[in-house]
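**Q** Now for the letters of each chain:
Protein chains: 2
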Amino acid sequence: MSRSELEFIQNIKSKFSLTKVGDDCAILPKHDKTDLLMTADMLVENIDFRLDWTTPEFLGHKALAVSLSDIAAMGGKAVWSMLSIGVPENLWKTDFVDRLYDGWFALAREFSVELVGGDVSRTPDKVVIDSIVGGEVDKGRAILRSTAKPGDAIFLTGTLGGAAGGLKLLESGARNTDGLLLKQLQPEPQLINSNLLQKLGIANSMIDISDGLSSDLRHVCEASGVGSLLTAERLPIHADLPAHFPADECFDMTLNGGEDFELLFTVSKKNISHLDLPQFTRIGEVTSNVGIIELSIDGYTRVLQPKGYQHF
Amino acid sequence: MSRSELEFIQNIKSKFSLTKVGDDCAILPKHDKTDLLMTADMLVENIDFRLDWTTPEFLGHKALAVSLSDIAAMGGKAVWSMLSIGVPENLWKTDFVDRLYDGWFALAREFSVELVGGDVSRTPDKVVIDSIVGGEVDKGRAILRSTAKPGDAIFLTGTLGGAAGGLKLLESGARNTDGLLLKQLQPEPQLINSNLLQKLGIANSMIDISDGLSSDLRHVCEASGVGSLLTAERLPIHADLPAHFPADECFDMTLNGGEDFELLFTVSKKNISHLDLPQFTRIGEVTSNVGIIELSIDGYTRVLQPKGYQHF
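Protein chains in written order, with our numbering: chain A, 1 to 312; chain B, 1 to 312.
The set of hints was computed from the structure by calculation and includes no laboratory data. A few of these clues could be false.
[What the hints assert, rightly or not] Pairs of lysine-lysine residues, derived as PhoX-like cross-links and limited to a Cα-Cα distance of at most 25 Å, are as follows: (1) B:Lys-199 - B:Lys-139; (2) B:Lys-139 - A:Lys-30; (3) A:Lys-30 - B:Lys-33; (4) B:Lys-30 - A:Lys-30; (5) A:Lys-13 - A:Lys-307.
[As the list claims (entries may be wrong)] Cβ-Cβ distance ranges computed for the label pairs, FRET-style: (6) A:Asp-32 - B:Ile-192: 22 to 32 Å; (7) A:Arg-234 - B:Asn-195: 54 to 64 Å; (8) B:Asn-195 - A:Lys-93: 39 to 49 Å; (9) A:Asp-32 - B:Lys-13: 30 to 40 Å; (10) B:Ile-292 - A:Ser-17: 48 to 58 Å; (11) B:Ser-112 - A:Gly-299: 53 to 63 Å; (12) A:Lys-93 - B:His-31: 37 to 47 Å; (13) A:Lys-93 - B:Gly-225: 28 to 38 Å; (14) A:Gln-310 - B:Thr-94: 17 to 27 Å; (15) A:Ser-17 - B:Thr-94: 23 to 33 Å; (16) B:Leu-277 - A:Glu-110: 49 to 59 Å.
[To be verified] Computed footprint of chain A on chain B, listed as stretches where at least three residues anywhere in the stretch have a Cβ under 8 Å from a Cβ of chain A: (17) 18 to 30; (18) 111 to 119; (19) 125 to 137; (20) 236 to 250; (21) 258 to 271.
We treat Cβ as the ideally placed atom computed from N, Cα and C, and that holds for glycine.
Bound-form chain A, shown alone (with noise of 0.2 Å):
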């Protein structure tokens, strides 16, 4: 038997009839005008991370990026976070886990998120932990996956790639913080475009980059029963890329590198206009050619295998 994580969320959702399951955060109900946003994300030592790699600081910061990111995706505003950490005997008699709350606190600061719980716990030799976010939004407001409609213009806030050259660096020694090596082990979350494209209130849809572009597009696409088509030309490259890495692998990290944090949000054409800002990029619009990815190169058009990360 072998299966996605996908193929396996989707068989619990319906085995089990989970209906708030699927999106970037589950969405709960607050009170009569907000609703709740929950999201937990698991790093592990070896499969996320590498100790050898970072720094505690940002892998404390990491840990809270991603899951404000999911905040970020849904159009919310984080509010409280638990942190479970499992670390090993000898890392705790070291300064390792303070220095790993240093990192998380001065990300928590930035947005005025407040730690009201979580778990220590030993493990026999490895790192984990598992970040929870609790964020808020405007009842009925939250920003889903599964409406991008036909027609939408497909739009971006930052640069892509700049996550998976730094990984690729950081596998041939690299050692520096240079901007491709920050932006994949100090990735900044996008709550502040999140809470303008909010205010705007014009995106149909919206999901982070955490899995690559030609993944999470797909998310987008099944979830709304449409499908895309973006233009190679228009698709933003992290500017430092260029400089370690010959084109085709450039692009290839643009159209598949994970864990860039940034969003890809869908908006109706007639609200463009809105978007003329220098963080987002228009990169395609949304087809009703159901699950397809196709990607426009020089004129021509080809059908797009998704090729981001998947743990299974």
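Chain A is already provided as a structure; the job is to place chain B on it using the hints.
**A** Just chain B, lined up with the frame of chain A:
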């Protein structure tokens, strides 16, 4: 440098001015009639469980049970949950995760807990689970560990030592589903007793027995600024223990054994007549000897050192 989990948490609390950390659950405002309760518990393979001692179903049950017990300890009702699991690839390819969810859902159904999210991750070689549960309680009615009063009678639900006895039998090779092993592998969270106590409205303070009576009572005393005096003859020893262990070991497991997930609570003496029910046992009283736990045996009183479970 060496420090306990508790010292670490105290340090983080004061360093970052955390006011919601330190009880079984965090209490967060939901709306004007209800507070939200949040808890997270991490279970790590070969620290908190062993795969050759348990079944995936028991493990799924226990992961949820430990968090439900935290909700019970606050007098709340469990409402929803997120489950983060990390598994190595070889287990992913078996029915392990399906069976774990089966065990989880069987308990969730019993208490109408809805799965709303979580995470699935790959690990290098060990299973790790983070169980997150959200509950509710009428505003201001959460039962804290910090509000025991000198003169209160100390009560306990059920019996103690069963889970510790089960662990010892597992360690010595037992693999049946005898009562003691079940108490260790498939603990029952005390939500029904908690609900009864909440309705009676008489518990001044409450905690669940996760680390062991001597440790958990110490948590109550330290948080409340009180002491306590236990009466050895009154401690409710699990009925199956004496058949397997000598008397001194039975007593040690009752006093210091963890993971029974019974509730310890304190009640003003004027209210104890309400508790004349078979599931409740009066085991001692709260004193004004701040931080001192005393044990009376055969009329002699000695000061007790905490010996319950600590990860570090």
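**Q** Each hint should be assessed against the structure and marked as holding or not.
**A** How the hints compare with the structure:
Taking the CA atoms of B:Lys-199 and B:Lys-139, the gap is near 14 Å; set against the 25 Å cutoff, the hint holds. For a cut-off of 25 Å, the pair hint linking B:Lys-139 to A:Lys-30 stands: about 14 Å separates their Cα positions. Simply put, A:Lys-30 and B:Lys-33 have alpha-carbon atoms about 11 Å apart, close enough for the 25 Å limit, and the pair holds. Among the hinted pairs, B:Lys-30 with A:Lys-30 is consistent with the structure: their alpha-carbon atoms are about 6 Å apart, no more than 25 Å.
A threshold of 25 Å between alpha carbons decides the hint, and for A:Lys-13 with A:Lys-307 the separation of about 24 Å falls inside it, so the pair holds. Between A:Asp-32 and B:Ile-192, the C-beta spacing of about 31 Å keeps the proposed range 22 to 32 Å intact. Checked against the hint of 54 to 64 Å, the pair A:Arg-234 and B:Asn-195 passes, with Cβ atoms roughly 58 Å apart. Checked against the hint of 39 to 49 Å, the C-beta distance between B:Asn-195 and A:Lys-93 comes to roughly 42 Å, which is consistent with it.
With their beta carbons about 34 Å apart, A:Asp-32 and B:Lys-13 fall inside the hinted range of 30 to 40 Å. Hint check: B:Ile-292 to A:Ser-17, Cβ distance near 52 Å, so the stated range 48 to 58 Å holds. A C-beta distance of roughly 57 Å is found between B:Ser-112 and A:Gly-299, which places it inside the suggested range of 53 to 63 Å. At roughly 44 Å, the beta carbons of A:Lys-93 and B:His-31 sit within the given window of 37 to 47 Å.
A hinted range of 28 to 38 Å for the beta carbons of A:Lys-93 and B:Gly-225 is consistent with their spacing of about 31 Å. A hinted range of 17 to 27 Å for the beta carbons of A:Gln-310 and B:Thr-94 is consistent with their spacing of about 18 Å. Between A:Ser-17 and B:Thr-94 the beta carbon distance is about 25 Å. The supplied range of 23 to 33 Å therefore holds. The hint said 49 to 59 Å for the Cβ distance between B:Leu-277 and A:Glu-110, and at roughly 52 Å that hint holds.
With a cut-off of 8 Å between beta carbons, the stretch 18 to 30 of chain B has 7 residues touching chain A; three or more are needed, and the interface restraint holds. Note: the stretch 111 to 119 of chain B has 6 residues with beta-carbon separation from chain A under 8 Å; the three-residue rule is met and the coverage holds. For the stretch 125 to 137 of chain B, the stated coverage by chain A holds: 5 residues have a C-beta nearer than 8 Å to a C-beta of that chain, and at least 3 were required. Only when three residues or more bring their CB closer than 8 Å to a CB of chain A does the claim for the stretch 236 to 250 of chain B stand; here the count is 0, and the claim is violated.
Counting residues of the stretch 258 to 271 of chain B whose CB lies closer than 8 Å to any CB of chain A gives 0, which falls below the minimum of 3, so the coverage claim is violated.
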